[in-house]
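Q: In the order they appear, the protein sequences are chains A and B.
The first sequence begins at 229 in my numbering and counts up one residue at a time.
The second sequence begins at 98 in my numbering and counts up one residue at a time.
Treat the hints loosely; a few may be bogus.
Calculated pairs, DMTMM-like style, for lysine to aspartate or glutamate (alpha carbon to alpha carbon, straight line, at most 20 Å) [to be verified]:
hint, chain 1, residue 1, chain 2, residue 2
1, A, Lys-264, B, Asp-159
2, B, Lys-110, B, Asp-159
3, A, Lys-279, B, Glu-200
4, A, Lys-264, A, Asp-246
5, A, Lys-298, B, Glu-200
I should point out that these hints are in silico values taken from the structure, not numbers from a laboratory.
None of the values given here were measured: they were computed from a predicted structure.
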Amino acid sequence: GQQLNQSPQSMFIQEGEDVSMNCTSSSIFNTWLWYKQDPGEGPVLLIALYKAGELTSNGRLTAQFGITRKDSFLNISASIPSDVGIYFCAGHGSGGSNYKLTFGKGTLLTVNP
Amino acid sequence: DAGVTQSPTHLIKTRGQQVTLRCSPISGHKSVSWYQQVLGQGPQFIFQYYEKEERGRGNFPDRFSARQFPNYSSELNVNALLLGDSALYLCASSPGTGALNTEAFFGQGTRLTVV
Chain A
229 GQQLNQSPQS MFIQEGEDVS MNCTSSSIFN TWLWYKQDPG EGPVLLIALY KAGELTSNGR
289 LTAQFGITRK DSFLNISASI PSDVGIYFCA GHGSGGSNYK LTFGKGTLLT VNP
Chain B
98 DAGVTQSPTH LIKTRGQQVT LRCSPISGHK SVSWYQQVLG QGPQFIFQYY EKEERGRGNF
158 PDRFSARQFP NYSSELNVNA LLLGDSALYL CASSPGTGAL NTEAFFGQGT RLTVV
């Protein structure tokens, strides 16, 4: 089945630093979504990407849909303590699997004030 | 507007029991999906329902079943609970299916513990 490889697994950074995380797949995805999840809560949608090569921003967050349709990255600029959490990439596959989201295993972000 | 609401928020059950989890989607959304998230992993797809019909099913045993009601709310049922069913169960709401299914909004989840 489709799998997403998300890296890094965890990051520990200082407040104010920029962060980059990425997601790769062995198969093509039609959409890429990035979510943030706080402990005990459901994932919150941050950015949605629909076209290969698309670059989208949401405040300090920027994400891109890779041109091969098999990867995506998320950048966070000037990190702040409330950026702490687990970030997940997710995507809708092509063809018969387009009804479900496939998730990566997540990147745990810790920001040191 | 209310987001996706799930009930209960926490639940403790004994092995072999049955459980029913409930979800109300965002107003106007017709598609509901269920995901299971075990500790340290990303959510895993269980079911999608649209207009009361099952549109997709993940790799879960037949002990897992679901349904969608005319008001688009949904229930997830799990029979003969196993310890390994302990997880956060997430409901996701989408406007529709296919091209309208791309943005899924999640509820806060139901934390199920099987003892």
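Q: Hint by hint, note whether the structure agrees.
A: Going through the hints against the structure:
no. : hint                  : result
1   : A:Lys-264 - B:Asp-159 : 31 Å, violated
2   : B:Lys-110 - B:Asp-159 : 19 Å, holds
3   : A:Lys-279 - B:Glu-200 : 14 Å, holds
4   : A:Lys-264 - A:Asp-246 : 16 Å, holds
5   : A:Lys-298 - B:Glu-200 : 19 Å, holds
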